[in-house]
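Colleague: Spelled out from the first residue to the last, the chains are:
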Amino acid sequence: MTTDVLLFKITLLIYFATTICYLIGVISLKDRFRQNAIRLLIGGFVLHCITLASRWIASGNIPVASLHESLSFFAWALVGIYLLFYLRYRTVMLGAFITPLALVLMIIGSAAPKQAPALNPMLDSWWFPVHVTLAFLGHAVFAIAAAAGVMYLLQERMLKSKKFSGLFYRLPSLDTLDSMNYKCLTFGFPLMTMGIISGAIWANSAWGGYWRWDPKETWALITWFLYAALLHGRLTIGWRGRRAAIFAIIGFAFLLFTFFGVNTFLSGEHSFRNFTGQ
Amino acid sequence: MHIVIVGLSHKTAPVEIREKLAFAPTAMERPLRQMLELPAIAEGLIVSTCNRVELCAATKEPEAAIAALRRFLAEYHEVPPEEINGNLYNYQGEEAIRHLFRVSSSLDSMVLGEPQILGQIKTAYGYAAEFRTCGLILNRFLHKAFSVAKRVRTETAIASNAVSVSFAAVELARKIFDRLDNKGVMIIGAGEMCELAARHFVANGVSKVLVTNRTFERAEKLAAEFQGKAIPFENFVDHLAEVDIVMTSTGAPNFILGQRQMEEVLKRRKNRPMFLIDIAVPRDIDPKVNKLDNAYLYDVDDLQGVVQANLKERQKEAGKAEAIVEQEIGQFHQWLGNLEVKPTIIALRHKFEEIRQQELDKTFGNLKDLSAGQRKSIEAMTGAIINKILHQPTAILKRTQNDSSGEDYVDAVRTLFDLPAPAGDDKEIKPLDDIEEAG
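Line order of the protein sequences matches chains Y and A.
FYI, the numbering for the first sequence is 1 to 278, going by the working numbering.
FYI, the numbering for the second sequence is 279 to 717, going by the working numbering.
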């Protein structure tokens, strides 16, 4: 087992512990557990940074070329961006939704082959890491938007039905959750747009064409339109609250399908197999 | 020394009795001094609020002290003792400690977790300190009670969540809007509850207040009170889009605000959420409004429901609070027990003996060629030194054990010689101003 794989496994364990901590914290409504969960998560994130760095040093490429690497990178971006949000909004509860997601990504990642791939020379371009990094950061931001959306729907339901569970007292206000939705959109949308553009430029240098309508590109474009519609609705027609929350959740479902589904069910240039020239 | 409490509360006495036995907060010196003159009372404190009267004292003879305090309470207020006997309770020892800890943690309050009682006890303690009717025991006892109350407030959620309808409205608004300082509120009609809730909203930062009423003068009067603006009742709907929170309590027999109108208003607000509070009976706002996205309509029953749910949450927390109280009772009780003279003298001698043995071992280790006789005389000499040193302190401790200063000496000796830590230990005692004043 190489160092980075060992580090990866420890990181995964920490995320697991964090998830358990959150779970207990949410069910028992003990704030102490959720506070500890945040501490654990910060520790896990630092270790995750080291994991990625050591992988990078070992392979020489930014570690996003194989399924294993990109899942780990995705989870890292997710936790990192959540922690940024935590600094801004202090919403501990958001982590209860984000951490399990990161954990699932890590678990799937740990099942994928871990050897560092030899990158297909055709794809070995400066645009490759730019494209992938932007895309994953965008994914992570939209994941936050979706989590905030779920929390919004829960909170809204309780406020409307006037039946309050203990969760009600711990969730942030509707305004906060909605403004998180908007913030995510204003950060995530440019990231995603730039991710798609940089991908097109890279495709042009690799294959000699900007857009090839492979399934991933198509799905990414559909998702992009979805988010564009939401942003437009927010800015002009005053879409917000419930509708924006639902949109963010659907949008993220599309993102996940674009990421997993396309690789699994459909084939195209974006399947990892083609990256490594096997 | 023992702690005794004689008192009555909303649980044992109706208001007619409570008001007869209350002490005026402006004239506490006389009752405090009279209380201290009673036989068997070494230190005294009087807590008097509209819900309870508590006479708390430190004494050597708890039974006698309780009898004296019961008589004092009746005589001071010129009430025949047999008339109030059934309303009084009395506690001593651990029970008394538990009682005051529970009272100051608001576990015995009419509204569980209400914050005033702690402040009232602090005020009562302030008087006792001012008139010097409390000493070592009650000082320590009250500080302990304050720190227990603080622990309960910070470690349990007993005081969180509103338990009044008007405050529940503010809390709900916070769950919708987060910040209230840039929000506006409209008051339609003038009910007392409406006014109270409006006051809460303004206190929580709401900056814009619109008031409307069928009688424009009344609207103007209320608006002036909140530095708000009065608007004519005929076109209040046109101004609805400007505010985030609406409170209605008109006497109108029908709905004054329907679903259609609200739909329009929300559209004009670009769907920014609105919180509508309908306190009127019969209701002013069509309940269908709650079905609209981004509109949250609460009527009086809904708010009552929230209050009930919050009370239930508090009740759940009360269990945790009781556990904290139980923990702290043990500690304080032990400290009180440690103030006994005999165990202190024994502990002091034990400490010295320990030091003597250690030093002897060291010395004998260095001087290996001492004869058995020489050893014996060194041992005898060191023993004699200790006896001489301890003679005077021991004599004083024994002599003063029946005075009021006895505990002070015991406490000093325990502190100076660091005798096995009496619980309720010094580190936990904070100066009074250090303890955050409750609401």
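Note that these hints are calculated values from the structure, not bench results.
Keep in mind that the hints are not guaranteed to be accurate.
Here are some chain A residues pointing at chain Y (derived, C-beta under 10 Å) [what the hints assert, rightly or not]:
#: 1; residue: Asn568
#: 2; residue: Asn588
#: 3; residue: Ala601
Straight-line distance between alpha carbons at most 20 Å, and here's what the computed SDA-like set of lysine to any residue pairs gives [unchecked claim]:
#: 4; chain 1: Y; residue 1: Lys160; chain 2: A; residue 2: Lys594
#: 5; chain 1: A; residue 1: Lys569; chain 2: A; residue 2: Lys594
#: 6; chain 1: Y; residue 1: Lys162; chain 2: A; residue 2: Glu449
#: 7; chain 1: A; residue 1: Lys594; chain 2: Y; residue 2: Ser28
#: 8; chain 1: Y; residue 1: Lys162; chain 2: A; residue 2: Lys548
#: 9; chain 1: Y; residue 1: Lys160; chain 2: A; residue 2: Phe445
#: 10; chain 1: A; residue 1: Lys569; chain 2: Y; residue 2: Gly238
#: 11; chain 1: A; residue 1: Lys594; chain 2: Y; residue 2: Arg243
#: 12; chain 1: A; residue 1: Lys590; chain 2: Y; residue 2: Arg170
#: 13; chain 1: Y; residue 1: Lys160; chain 2: A; residue 2: Glu449
#: 14; chain 1: A; residue 1: Lys545; chain 2: Y; residue 2: Arg170
#: 15; chain 1: A; residue 1: Lys548; chain 2: Y; residue 2: Ser28
#: 16; chain 1: Y; residue 1: Lys162; chain 2: A; residue 2: Val448
Glycine included, each C-beta is placed from N, C-alpha and C at the ideal position.
Colleague: Checked against the structure, which of the hints given earlier come out wrong?
Modeller: Numbers 3, 4, 5, 8, 11, 14 and 15 - these are the hints that the structure violates, sorted from lowest upward.
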